[in-house]
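Protein sequences appear in the order of chains S and V.
Everything in the first sequence is counted per our numbering, starting at 1 for the first residue and increasing by one.
Everything in the second sequence is counted per our numbering, starting at 1001 for the first residue and increasing by one.
No lab work stands behind these hints, which were simulated from the structure alone.
Accuracy of the hints is not assured; some may be wrong.
Computed list of lysine-lysine pairs in DSSO-like fashion (alpha-carbon distance at most 30 Å, straight line) [said to hold, decoys possible]:
1) V:Lys1093 to S:Lys517
2) V:Lys1073 to V:Lys1058
3) S:Lys535 to V:Lys1069
4) S:Lys180 to S:Lys169
5) S:Lys332 to S:Lys313
6) S:Lys496 to V:Lys1024
7) S:Lys417 to V:Lys1058
8) S:Lys511 to S:Lys522
9) S:Lys445 to V:Lys1004
10) S:Lys535 to S:Lys460
11) V:Lys1004 to S:Lys397
12) S:Lys101 to S:Lys113
13) S:Lys511 to V:Lys1058
14) V:Lys1073 to V:Lys1117
15) S:Lys397 to V:Lys1016
16) S:Lys460 to V:Lys1059
17) S:Lys103 to S:Lys47
Fair warning: this is a prediction, and the values are worked out from it, not measured in the lab.
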Amino acid sequence: MKLFYPLVLFDTGIVSFGMYLSEKMTTDFYLVFFLIIIFASISRNFKLLMVIGGITALLYGILLYSWGLLTNEEGSSYTLRIPFIFIMTAFYGYIVQTLTKEKRKALTISEDKYRGLFENANEGIVLLRNPQLQIADVNREVEKVIGYTKEELLLKDFFDLFIPEETEKARDFFKEVDEKGEGRADYLSLTKKDGSPVEVDFSIKRIDLGRESFHQMIFRDLTEQRKLEKKIRQSKRNLEAIFDGIRDQLSIQAPDYRILRVNRAVIEHYQTVFEKLIDRKCYEAYFLRSEPCDRCPVSVTIETKQPAFSTMKRSEDNTTLQVFSYPIFDEKGDLLSAIEYTKDITEQQRLQEQLIQSEKLAGIGVLASGVAHEINNPLSGIIGMAEIALEEEDPSKKKGYLMDILECGQRIQEIVKGLRSYSRAAKKEELSRVDLNGILEESLKMVQLAVKASSAEVIKDFQCVEKIQANVGEIQQVFTNLITNAFQAIDGKGGKLGLSTRSTDDSVEVKVSDNGKGIPHKYLNQIFDPFFTTKNPGEGTGLGLNIVYRIVSKYEGTIDVESNERIGTTFTIKFPIRRAEL
Amino acid sequence: MSRKILIVDDEEVIRKFLKIHLVKLGYEVTEAADGVQALEQLGRDDFDLLICDILMPKKDGWEVIREMKSNPKTKSIPVIVLTAKNEDSDMFKGYNLGANYYMTKPFTKSQLIYGLKLMLGETSEEIRA
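All chains should be built: construct the whole structure from the sequences, respecting the hints.
Right, here's the structure in full:
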């Protein structure tokens, strides 16, 4: 179409130039020629154009004839003008015709495209003829969503499609659309043929098709979306209920430590309100500090994007907290936030201390009965010898008996001395720098009193090891339990008890070994469980090794056991030492 | 002929004063310092009474009693358990194994003589003495 005018101009120019060269240019010929071009340009009908072209040629012929130009000596060249005009008409007419046809074809194609879109759209489309908003056309989706057929809809009043309560709202909305030319609404519902409402999302635009003006209304059925939204809301509520229902504290922090969310346990613990915590830095809000706390697992998670864990003491309210931190990622894998899970283990720890304490008491009970036995022997000697001495007349014999009594008395004195230093240590509550070798010696003495296994050979290999920061009583408890077990495992002669200490790069190692009966393989993974015992009822509580394990863990140490039946057992304890502290 | 008594105890001082008492009372006394020695003596000689400690190295008193009571030759010898283990459960264990009398340390001479005479079936006048 764009080429039409240049083409016509070019042709006209060429033809004009040809006529000029043939020196046959006359004003009238030009006039007729341009008249023909004008006719061709405005014509829509090729046949009509040919008729017009014929008539023009004929009229021009008559005109030429009346001027007498056809009959003079140059008549033949004038006569040629008549078919020339007719041919030119046909030529221009053909060009115009072809171009218009193409234009029309393009139009038809785009109309078909629109139709296809219209019919197959997933959205409902309603065409409303302006200005009275009469339904002009609807697509299949409309029929599907509201259940009316196209024919029924074409006869209906547009506003009757809305649910009765919303007709007024819909009219107001369309008034607005009229002013602006377009609009959107997601608050209106349509009525289905069966009377039930259907929530939809509209967009409306004024369009012109041909010479007519329409409003094109496109709507989406929101039923599925609303269902989905409801489901999401429900699952969100469920998650929130779980979040709030957890009795331990949960707090979600952004990577800049800002608190994003907390559960009810946090609100209750700090006796505050949600608004006072949100958007504040966690270390300010919870710990009243100006920078992130030491050993805070959230810091670790923010740095490493890994879960982290730490036990923290809050001096503010004297609680012990176990804090776990887990990363939350966005779709790209960047850290979105960290969820901090805080468990107050103050009570649990108190109970554990109590358990350790009561096991210690039970242990002391065992010791006491052992010690009583040990005292009873020399005491028997004293009483028996004293009775004999009383009856004896011979002074030299009497002296011998009294010597025996004295010796027995001194033995008792030794026992009592040992017992006192042991119980004094056991009573100590606070941490101090503890000499492991000294405690091993003391514990050995105590156990030797309580458990008669004096025939077992004790092999000591004590190296000069660092003192560790610990509660003496608890370390004593560990060694006493292990040595007692070792002695009990030994039976018969040739029994050997090994006690050794040594330093490694980052720990102090204590080994307690025996060549006794060993622990059956099947029990090895149970021996540290509470109340696990192979002893007869009344002989063991099943708490001894469990307590050993708890105490060692408390000092962040490790305990390993190696045992073979009939060959013996070795317990190896490692207490970490922090070089920086030395 | 004087009656023979075997004293088994790992405590030398206890064996010593027991022996003095018993010799004075006219018994013939043999000593053993542990369970193994005790069983050796029992196999070597005939005894009228066994006074036996429980907690001893090598072989404890329980084992000594078990073995002698299962040996027809020594089965009928009365046994006095002499021990510092004074819990009821120990006492029951002793009687179950076949011990005849249970005496806990420390004890006096009269307690010793009472149990001794009872086991040997001797007259009560001597007990009073």
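Problem set entry | In rising order, the numbers of the hints this structure does not comply with | Those not satisfied are hints 5, 6 and 9.
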